[in-house]
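Number of protein chains: 2
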Amino acid sequence: MTSISVNRDDEDLRITIIGAGTIGLSLAALHLTYLKTPSNLTIVDVRPDLESHILRALPAYLPQRLHIRVPQVKMASSVPAAVKDSAIVQECGPENLAFKSALWSEVESHAPPDALFWTSTSGIPASHQNVQMRDPSRLIVVHPFNPPHILPLLEVVPSPQTSQSVIDLTVGFWRRRGRQPVLLQKEITGFVAGRLAWVLLREAIHLVDQGIVTVEQLDRIIENSMGPRWAYAGPFKSFHAGGGPGGLEALLKNVSPTVQACWDDAGKVNMGDSWEDKVFRQVRESYGALDLEERDLANRKVLQTVQEVKRETKVQD
Amino acid sequence: MTSISVNRDDEDLRITIIGAGTIGLSLAALHLTYLKTPSNLTIVDVRPDLESHILRALPAYLPQRLHIRVPQVKMASSVPAAVKDSAIVQECGPENLAFKSALWSEVESHAPPDALFWTSTSGIPASHQNVQMRDPSRLIVVHPFNPPHILPLLEVVPSPQTSQSVIDLTVGFWRRRGRQPVLLQKEITGFVAGRLAWVLLREAIHLVDQGIVTVEQLDRIIENSMGPRWAYAGPFKSFHAGGGPGGLEALLKNVSPTVQACWDDAGKVNMGDSWEDKVFRQVRESYGALDLEERDLANRKVLQTVQEVKRETKVQD
Chain X
1 MTSISVNRDD EDLRITIIGA GTIGLSLAAL HLTYLKTPSN LTIVDVRPDL
51 ESHILRALPA YLPQRLHIRV PQVKMASSVP AAVKDSAIVQ ECGPENLAFK
101 SALWSEVESH APPDALFWTS TSGIPASHQN VQMRDPSRLI VVHPFNPPHI
151 LPLLEVVPSP QTSQSVIDLT VGFWRRRGRQ PVLLQKEITG FVAGRLAWVL
201 LREAIHLVDQ GIVTVEQLDR IIENSMGPRW AYAGPFKSFH AGGGPGGLEA
251 LLKNVSPTVQ ACWDDAGKVN MGDSWEDKVF RQVRESYGAL DLEERDLANR
301 KVLQTVQEVK RETKVQD
Chain C
1 MTSISVNRDD EDLRITIIGA GTIGLSLAAL HLTYLKTPSN LTIVDVRPDL
51 ESHILRALPA YLPQRLHIRV PQVKMASSVP AAVKDSAIVQ ECGPENLAFK
101 SALWSEVESH APPDALFWTS TSGIPASHQN VQMRDPSRLI VVHPFNPPHI
151 LPLLEVVPSP QTSQSVIDLT VGFWRRRGRQ PVLLQKEITG FVAGRLAWVL
201 LREAIHLVDQ GIVTVEQLDR IIENSMGPRW AYAGPFKSFH AGGGPGGLEA
251 LLKNVSPTVQ ACWDDAGKVN MGDSWEDKVF RQVRESYGAL DLEERDLANR
301 KVLQTVQEVK RETKVQD
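Chains X and C, in that order, are what the protein sequence lines are.
The first sequence begins at 1 in UniProt numbering and counts up by one.
The second sequence begins at 1 in UniProt numbering and counts up by one.
Here chain X stands alone, though its shape is the one from the complex (with noise of 0.2 Å):
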């Protein structure tokens, strides 16, 4: 196992994203936000049009302030000089194991033995990811929620074989960051904000297909009872409040029948399913193309109420 340490001066840290679509950039946005010296940043993809595409895409992910940043980051379209005096290489492209697992051999063989390995995969395990390398131990998952540099979950999913101190690092990076890396016990399909999001889709997906709502009235539905509630406080602590002084425990047992009586009768569609014409005719007839400002606004400004409301009573975490 490497011995690893990472410059504690984070901002001017060398971090090179491998492929710039929109998780790629949106996390490079992010470190352009921190860096000191922009050009410490490198962004690799193969795309012919790597540079006008990242001068035109990038800065809608930045502050008007920071556009000036934009073209002094790196770019390059193959990996061995863009990974060679990395501190972090953060990969972001596709979810394909044998692309995946050729990568971080490759990176490892010219990437400084110091260098953090983080792959932003949605269902790739590390430990599917790593059966290539001749240190297994440095790979580690670290899932953002799209879009990154707007939502701060970081979900850091070591391994079996990832070393304590790349898990300490990477936590401990994104600490000082500001963001909420939240730290896995153990590898699962899909990890856990993933799961969530995906098992109420589904059963989402079984209420439009039934016809009992429409997409359109079950996200009002979501976004006037779940959607604020959970800004403040997740499923448990929220339901928890709501059961008085029994808490969830007595909460669920008052309910208890009619939970399980949910759970028996969930939905149960699949992908390619007949659903599937249904559903995304009604999600391009209601929704069309959307504005990503006013999304990412909102979301900015959600999370900023959250906190100062926790700020002014005191009971920040």
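Each hint should be verified, as a subset may be incorrect.
Each pair may be met inside one copy or between any two copies, as identical chains are not told apart.
Below are the DSS-like pairs computed for lysine-lysine, each with C-alpha atoms no more than 30 Å apart in a straight line [claimed, not checked]:
hint: 1; residue 1: Lys36; residue 2: Lys74
hint: 2; residue 1: Lys278; residue 2: Lys268
hint: 3; residue 1: Lys253; residue 2: Lys268
hint: 4; residue 1: Lys310; residue 2: Lys268
hint: 5; residue 1: Lys84; residue 2: Lys74
hint: 6; residue 1: Lys84; residue 2: Lys36
hint: 7; residue 1: Lys268; residue 2: Lys186
hint: 8; residue 1: Lys310; residue 2: Lys84
hint: 9; residue 1: Lys186; residue 2: Lys74
hint: 10; residue 1: Lys278; residue 2: Lys253
hint: 11; residue 1: Lys314; residue 2: Lys84
hint: 12; residue 1: Lys278; residue 2: Lys84
hint: 13; residue 1: Lys310; residue 2: Lys278
hint: 14; residue 1: Lys186; residue 2: Lys36
hint: 15; residue 1: Lys186; residue 2: Lys278
Hint data in this document are derived by calculation from the structure and do not stem from the laboratory.
With chain X held as given, fit chain C onto it using these hints.
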């Protein structure tokens, strides 16, 4: 089928709340904020300390300036007198079919022929509750999300017998109150918000039970990802926005194997299983008694924030 009409001047309607529990008081508070004449609100409950209970508990649901209205609220211990002049009877009693069906038969015998009958049940459909009524077309589910004096959602769920005029008057009333009534097309176990929340909670329980995350970590995951996200846009709209030009369809096709794997691997815990001790203990130890004032303030401000962003960017819906 009775012909039903409700005075358009909602502020002066006589409203009777049956049940002085958490939901009953929260709805009473909501009505009190609109009524010109607080004595038009009656709260019925068989508890012997009803008056002291209401005088003590109801103010907590109201802004300071409206505390003065609390002593003017009428109280009653039996249904017939309490409903005889009511335009709206809103039931917030125990989740017990025998109780509810006997109640509606009694209410129907004493209330005016054009009164609206609303049940706040979280799980017993109107078609089960209306079996002893002479005119089952009068009953409709109006399911709030706790606490309804803050969270705007009301799931309006007619039975197959409910008349169109009852549906229209119910939806119209809540729209004029600035709330968010959502009309479900068919009765279904647990309605929509409940089914979505319970299915996510089931997976959350599974993940804690399996030792993947703690209760606090799971809540923190939601508070920093889906919570703020869904406060602005529900899951369909959010995933559609996250999918780029191809929208929801492109996004799901892209991660289809992971989504299906999460669905196939979803937890199947049941009420009463061995997870209960572990999860309930963790929740108690993590949260103890919670500060509802902070929660209420946060929920209100998050809702306001989203409305302000939508107004400012003029994409108000």
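Each hint tested on the structure:
1. Lys36 with Lys74: The answer is within: 14 Å in one copy meets 30 Å, while 66 Å across copies does not.
2. Lys278 with Lys268: Answer is both; intra-copy 16 Å and inter-copy 28 Å each pass.
3. Lys253 with Lys268: both (26 Å within a copy, 18 Å between copies)
4. Lys310 with Lys268: Classified as neither: same-chain Cα gap 39 Å, cross-chain 35 Å, threshold 30 Å.
5. Lys84 with Lys74: within (13 Å within a copy, 77 Å between copies)
6. Lys84 with Lys36: Cα proximity of lysine 84 and lysine 36: one copy only (20 Å, versus 73 Å across).
7. Lys268 with Lys186: Both, since 26 Å and 19 Å are each at most 30 Å.
8. Lys310 with Lys84: Answer is neither; intra-copy 43 Å and inter-copy 46 Å both fail.
9. Lys186 with Lys74: neither (35 Å within a copy, 57 Å between copies)
10. Lys278 with Lys253: between (37 Å within a copy, 15 Å between copies)
11. Lys314 with Lys84: neither (46 Å within a copy, 48 Å between copies)
12. Lys278 with Lys84: neither (49 Å within a copy, 47 Å between copies)
13. Lys310 with Lys278: Result: close only across copies, 28 Å inter versus 42 Å intra.
14. Lys186 with Lys36: neither (35 Å within a copy, 58 Å between copies)
15. Lys186 with Lys278: between (37 Å within a copy, 18 Å between copies)
Checked against the numbered hints above, the structure breaks hints 4, 8, 9, 11, 12, 14 and satisfies the rest.
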